[in-house]
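**Q** Between the sequences and the hints, there should be enough to build the whole structure, so can you do that?
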Amino acid sequence: MAQVWGYYSMFKFFKNVAREMKKVSWPKGQELTRYTITVILTVAFVAVFFAIVDLGISQVLELIAQE
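So the sequence shown is residues 2 to 68, counted in the numbering used here.
Calculated from the structure, these hints are not laboratory results. Do not rely on the hints blindly, as some may be mistaken.
Lysine-lysine pairs mimicking DSBU-like chemistry, simulated, CA-CA at most 30 Å apart [what the hints assert, rightly or not]: (1) 13 with 24; (2) 29 with 16; (3) 13 with 23.
**A** Rendered as structure tokens:
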């Protein structure tokens, strides 16, 4: 009996998910392109920033280890 209620709950959950997905305001083509470019540039900037920080920390630790 518990298994039946489990399936019912799962069905109800996905039914609610489908209902909510219809309410979502999806971005249009140009807006989606702008958001995608923003995300890619942000990820690239953060990656370069942390690479530089990592290089700097490595150099400092190398100098400390040599002394």
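**Q** Compare the structure with each hint and give your call.
**A** Against the structure, the hints come out as follows:
Taking the CA atoms of residue 13 and residue 24, the gap is near 17 Å; set against the 30 Å cutoff, the hint holds. With a CA separation close to 25 Å, the supplied pair residue 29 and residue 16 stays within the 30 Å bound. A C-alpha spacing of about 16 Å is found between residue 13 and residue 23, which places the hinted pair at or below 30 Å, so the restraint holds.
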